[in-house]
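J.: The primary structure of each chain is shown beneath.
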Amino acid sequence: MNTAFASHPAKRTLPDFDKILDTIGAWALAIVWISPLLFATWAALQPSGTALGLDFSSPLTIENFVYVWNAVPWAGYFANTVVLVTLILAGQLVLCTLAGFAFARFEFRGRDTIFILVLLQLFILPEVLIVENYAIVSKLGLFDTALGIGLPYMASAFGIFLLRQAFKSVPVELEEAARIEGCSWMGVLWKVYVPAAKPVYLAYALVSIATHWNNFLWPLIVTNSPDTRPLTVGLSLFGAPETGVDISVISAATIMTVAPLLIAFLIFQRQFIQAFLRAGIR
Amino acid sequence: MNDMARLQKQRLALYGWMLVAPALALMSLFAFYPAIATLWHSLFTRGTTRRPSVFAGFDNYGDLFADPTFWTVAWNNIIYAGITIPVSIIFALIMALWANAHIPARSFVRSAYFTPTILPMIAAANLWLFFYTPDLGVIDQITGFFGASPTNWLGQPETALASVIMVTIWKEAGFFMIFYLAALQTIPPDLREAARIEGAGRWTYTRRVLLPLLMPTTIFVFVNAMINSVKLIDHLFILTKGGPNNASKLILYWIWEMAFSYFDSPHAAAMTILVLLTLGLVAVIQFRLVEKRTHYR
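Residue numbers (the working numbering), protein chains in the order written: chain A, 1 to 282; chain B, 283 to 579.
Hints listed in this document are in silico derivations from the structure and should not be mistaken for laboratory results.
Beta carbons: idealized from backbone N, C-alpha and C, even for Gly.
Among the hints, a few may not be true.
[To be verified] Label pairs and their in silico Cβ distance ranges:
{"no.": "1", "chain 1": "A", "residue 1": "Met186", "chain 2": "B", "residue 2": "Trp485", "range": "56 to 64 Å"}
{"no.": "2", "chain 1": "A", "residue 1": "Cys183", "chain 2": "B", "residue 2": "Ile479", "range": "53 to 61 Å"}
{"no.": "3", "chain 1": "A", "residue 1": "Phe143", "chain 2": "B", "residue 2": "Ala295", "range": "55 to 63 Å"}
Please model the complete structure; the sequences and the hints are all you need to start from.
T.: Here you go:
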């Protein structure tokens with residue numbers, strides 16, 4: 001990048017019409033894109049009832065946040081989401097590692113057929129099968145439990161596919177060296193393959209956390225108590241317009257819901273974007 | 283010796299199966315079995331305590347096709363897909379070109395485009411509520427400044443679906459941007475220089491060089507956008523609930539409504555099968571396109 005500039009020293013000093021247009025366009029779009037979030041933040045900090053006036057002279061207040069925090073078992077929802085996301089991720093990491101390893105390094109009859117089934121699952125969305133999955137979860141006695149929300153997502157076809165690719169790119173020599181030192185299959189997996197796939201694990205983990213932190217429809221269906229309800233479901237019950245809640249209060253609740261992930265994103269921005277990239281390119 | 287080798291091979295096969303088994307079991311329980319059970323249940327009538335459910339053949343499908351709501355919802359979803367897919371792809375491409383250009387505050391621009399991706403759809407809907415509120419919302423304040431009268435964006439059939447579409451585009455364009463961004467970074471800068479020497483303008487370069495090179499990314503993004511046009515319905519729960527008068531109702535929301543509000547699971551099952559068939563078609567198209575692509579390489 002720098003060398004490209006160095007080879008055209010004259011170009012940089014000239015006012016480049018295209019570049020000015022680009023900058024204006026890019027900034028304008030960025031401001032439009034971020035504006036819903038900015039407006040909501042602004043509204044959340046206004047005394048309730050005045051927010052929509054966009055009167056910049058009124059004093060800022062955190063009363064909306066205090067009100068939301070006291071009106072809803074927010075800390076509970078928050079804990080539920082953290083438990084849920086952790087549970088799903090843990091299950092996914094274990095199951096997808098084992099299956100990915102099998103598809104990458106073992107020969108067994110029916111392997112290719114099963115792998116095609118796994119690929120097929122990328123298109124059989126869990127969201128679409130809500131009716132039957134609801135029946136199954138209820139039959140298993142898991143209705144309104146974190147496990148009930150999490151279980152359908154644990155054998156993630158996407159995770160299996162991603163880890164299989166990662167394991168396949170590990171040189172076989174590394175594995176052979178470990179075997180000569182007397183490692184078992186599990187030892188090889190743990191000491192050779194898992195460390196080699198670390199960036200893929202990080203990428204997958206970030207995508208999984210973001211997906212399930214934000215998931216709504218399925219948790220809505222299989223929960224019915226504040227003890228298991230995640231943040232998104234709590235927010236939807238709270239924010240329903242017919243409850244007549246003030247928009248600045250809804251904004252405060254929304255900001256509180258998105259804040260943890262948003263702050264994490266702003267801190268780990270580079271890793272986050274990289275993670276999404278890596279996970280998306282199949 | 284031969285026996286030893288065979289034994290070893292069998293042991294490896296057994297290991298392989300054992301490693302796959304847990305994932306396969308869960309996948310069967312929550313994807314394959316439910317898919318088949320949905321098909322099965324879509325062929326039976328709704329059972330009550332008085333009358334047990336009986337085999338009905340394709341009656342449930344017939345009912346769907348005879349129901350005007352089906353056509354409204356299917357048509358809404360076609361419009362939803364037909365607008366969100368191309369518009370978010372175009373936005374994604376423009377964003378990627380800008381986020382890849384040498385402009386000041388580039389990382390701010392990039393984050394601004396990407397941020398909606400990490401918000402829950404429910405939260406996004408709440409944020410947009412602030413724009414759509416009649417009279418007091420941001421849009422009406424702006425149009426009101428120019429003398430327009432307040433509009434009930436979410437409450438009238440003409441604008442409800444469009445309002446829902448806006449939120450989806452806002453949510454997914456930044457996500458698709460990063461795939462274009464990644465692809466753009468693999469294109470050598472010499473290409474642009476070469477095009478310039480040949481006298482190609484910026485537009486020609488974009489159309490003749492960049493777009494063809496970005497084709498694989500476009501296919502990938504297109505398939506994801508197709509899936510999203512079925513999946514992304516959470517915001518309906520906040521914004522319109524499918525209303526007014528079904529004007530913004532989408533298929534998955536309708537399935538949810540049939541199954542969990544009207545407790546009519548046979549018709550919900552029939553609708554689910556139709557969605558699965560559509561998704562299967564998308565899968566076939568993708569595999570075909572990917573195959574074609576590899577032929578060229």
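J.: A separate judgement is required for each hint: does it hold in the structure or not?
T.: Each hint, compared with the structure:
| no. | hint | result |
| --- | --- | --- |
| 1 | A:Met186 / B:Trp485: 56 to 64 Å | holds, 58 Å |
| 2 | A:Cys183 / B:Ile479: 53 to 61 Å | holds, 57 Å |
| 3 | A:Phe143 / B:Ala295: 55 to 63 Å | violated, 38 Å |
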